[in-house]
Amino acid sequence: MNTNSLQQHVNEPTRGSNILDLVMTTTDLSINGLEVTGKIGDDQMIDFSLDVQDPNTRTQHKQVRDSKRTNSELMKEELGPYNYEVLMSNKNAEECYMILKDKIATATDHHIPRKGMRPTNNPPWFSQEIKRLTNARQNSYRRLKRYQTEPHRQEHIHACRAVKRTIKSTKRNKEITVAAKAKTNPKSF
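With this note's numbering, the residue at position 6 of the sequence shown is 11, and numbering never jumps.
Hints may contain errors.
[Said to hold, decoys possible] Distance condition first, Cα-Cα at most 27 Å in a straight line; then the derived DSSO-like pairs of lysine-lysine: (1) Lys-96 with Lys-67; (2) Lys-186 with Lys-173; (3) Lys-176 with Lys-186; (4) Lys-176 with Lys-136; (5) Lys-67 with Lys-192; (6) Lys-192 with Lys-176; (7) Lys-136 with Lys-173; (8) Lys-73 with Lys-106; (9) Lys-136 with Lys-150; (10) Lys-67 with Lys-106; (11) Lys-67 with Lys-136; (12) Lys-169 with Lys-150; (13) Lys-136 with Lys-179; (14) Lys-67 with Lys-108; (15) Lys-136 with Lys-120; (16) Lys-169 with Lys-179; (17) Lys-186 with Lys-169; (18) Lys-192 with Lys-179; (19) Lys-81 with Lys-96; (20) Lys-106 with Lys-96; (21) Lys-136 with Lys-169; (22) Lys-188 with Lys-169; (23) Lys-96 with Lys-73; (24) Lys-108 with Lys-96; (25) Lys-188 with Lys-176; (26) Lys-150 with Lys-67; (27) Lys-120 with Lys-81; (28) Lys-136 with Lys-73; (29) Lys-106 with Lys-120; (30) Lys-120 with Lys-108; (31) Lys-81 with Lys-44; (32) Lys-73 with Lys-150; (33) Lys-81 with Lys-106.
[Claimed, not checked] Cβ-Cβ distance ranges computed for the label pairs, FRET-style: (34) Thr-30 with Met-103: 53 to 63 Å; (35) His-163 with Met-122: 26 to 36 Å; (36) Glu-78 with Tyr-102: 21 to 31 Å.
Keep in mind the hints are simulated off the structure, nothing from the lab.
Every residue, glycine too, gets a C-beta built ideally from N, C-alpha and C.
Working from the sequences, and respecting the hints, build out all of it.
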């Protein structure tokens, strides 16, 4: 168990004076309230709850500053009225830096809003060009289903080929880049 970093949670006998039932985890945080309770035949019953994170729960969006919506006039007004010479007199460089940093951080919090960024689950070779071509392929498929004409069928065939060709070349280029960096940065992929 020690070589695999496993932890045994049952410490009481479950059959006679022997511990026959094992509950092992890599961390002790995932098992709550483990108790050896009533009997079932010759064996003791083990009751516990297991904390498992639901894989379908969405992760919280990363919060970043939305610089396009900055209220620069109010920010200037908030930072402007201080007499920095008086405020920073008789202070060393680190104290002056901390004062200035706090003032700027406060003004930033007040006047530059935050926005959530969705995490991307795209593979590293996925690009805007591939996204654009995939959307074009999807639109051509919709037109083909709606009109069912030969020109629309040809358009869809060309769109499918363009996506396939671009993905293939992008993947190939990514593999070449990773192979070139393998000696200097083995974790680049």
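Tested hints:
Under the criterion of a C-alpha separation no larger than 27 Å, the hint pairing Lys-96 with Lys-67 is inconsistent with the structure, at around 37 Å. Taking the CA atoms of Lys-186 and Lys-173, the gap is near 20 Å; set against the 27 Å cutoff, the hint holds. Between Lys-176 and Lys-186 the alpha-carbon distance is near 15 Å, which keeps this suggested pair within the 27 Å criterion. Our distance criterion of 27 Å between C-alpha atoms is met by Lys-176 and Lys-136, whose separation comes to about 14 Å.
Under the criterion of a C-alpha separation no larger than 27 Å, the hint pairing Lys-67 with Lys-192 is consistent with the structure, at around 24 Å. For a cut-off of 27 Å, the pair hint linking Lys-192 to Lys-176 stands: about 17 Å separates their Cα positions. With a C-alpha separation of about 14 Å, the suggested pair Lys-136 and Lys-173 falls inside the 27 Å cut-off, and the hint holds. Of the supplied pair hints, the one linking Lys-73 and Lys-106 holds, its CA atoms being roughly 22 Å apart against a limit of 27 Å.
Between the alpha carbons of Lys-136 and Lys-150 the distance comes to roughly 21 Å, so the proposed pair stays at or under 27 Å and holds. About 23 Å separates the Cα atoms of Lys-67 and Lys-106, which keeps this hinted pair within 27 Å; it holds. At most 27 Å may separate the alpha-carbon atoms for a hinted pair to count; Lys-67 and Lys-136 meet this at roughly 22 Å. Of the supplied pair hints, the one linking Lys-169 and Lys-150 holds, its CA atoms being roughly 21 Å apart against a limit of 27 Å.
A threshold of 27 Å between alpha carbons decides the hint, and for Lys-136 with Lys-179 the separation of about 17 Å falls inside it, so the pair holds. With a C-alpha separation of about 24 Å, the suggested pair Lys-67 and Lys-108 falls inside the 27 Å cut-off, and the hint holds. With a CA separation close to 23 Å, the supplied pair Lys-136 and Lys-120 stays within the 27 Å bound. Between the alpha carbons of Lys-169 and Lys-179 the distance comes to roughly 15 Å, so the proposed pair stays at or under 27 Å and holds.
With a CA separation close to 26 Å, the supplied pair Lys-186 and Lys-169 stays within the 27 Å bound. Simply put, Lys-192 and Lys-179 have alpha-carbon atoms about 14 Å apart, close enough for the 27 Å limit, and the pair holds. Taking the CA atoms of Lys-81 and Lys-96, the gap is near 24 Å; set against the 27 Å cutoff, the hint holds. For the hint pairing Lys-106 with Lys-96, the CA-to-CA distance comes to about 14 Å; that is within 27 Å, so the pair holds.
Distance hint between Lys-136 and Lys-169 is fulfilled; the C-alpha atoms sit about 12 Å from each other, no more than 27 Å. Between Lys-188 and Lys-169, the direct Cα distance comes to roughly 30 Å. Violation of the 27 Å bound is thereby established for this hinted pair. In summary, the hint linking Lys-96 to Lys-73 is not supported, as the alpha carbons are separated by about 36 Å, beyond the 27 Å threshold. The hinted pair formed by Lys-108 and Lys-96 meets the criterion: a straight-line CA distance of about 16 Å does not exceed 27 Å.
The suggested pairing of Lys-188 with Lys-176 holds, with an alpha-carbon distance near 20 Å, which does not exceed 27 Å. The suggested pairing of Lys-150 with Lys-67 is violated, with an alpha-carbon distance near 39 Å, which exceeds 27 Å. A C-alpha spacing of about 22 Å is found between Lys-120 and Lys-81, which places the hinted pair at or below 27 Å, so the restraint holds. Simply put, Lys-136 and Lys-73 have alpha-carbon atoms about 25 Å apart, close enough for the 27 Å limit, and the pair holds.
Proposed proximity of Lys-106 and Lys-120 is supported: the alpha carbons are some 22 Å apart, at most 27 Å. Our distance criterion of 27 Å between C-alpha atoms is met by Lys-120 and Lys-108, whose separation comes to about 22 Å. Between Lys-81 and Lys-44 the CA atoms are separated by roughly 73 Å; this puts the pair beyond 27 Å, and the hint is violated. For the proposed pair Lys-73 and Lys-150, the alpha carbon gap of about 41 Å is over 27 Å, so the pair is violated.
Under the criterion of a C-alpha separation no larger than 27 Å, the hint pairing Lys-81 with Lys-106 is consistent with the structure, at around 15 Å. Our hint of 53 to 63 Å for Thr-30 and Met-103 is violated, since their Cβ atoms are close to 44 Å apart. Remark: the range hint 26 to 36 Å for His-163 to Met-122 is upheld by a beta-carbon distance near 34 Å. Glu-78 and Tyr-102 have their C-beta atoms about 26 Å apart, which keeps the hinted 21 to 31 Å range intact.
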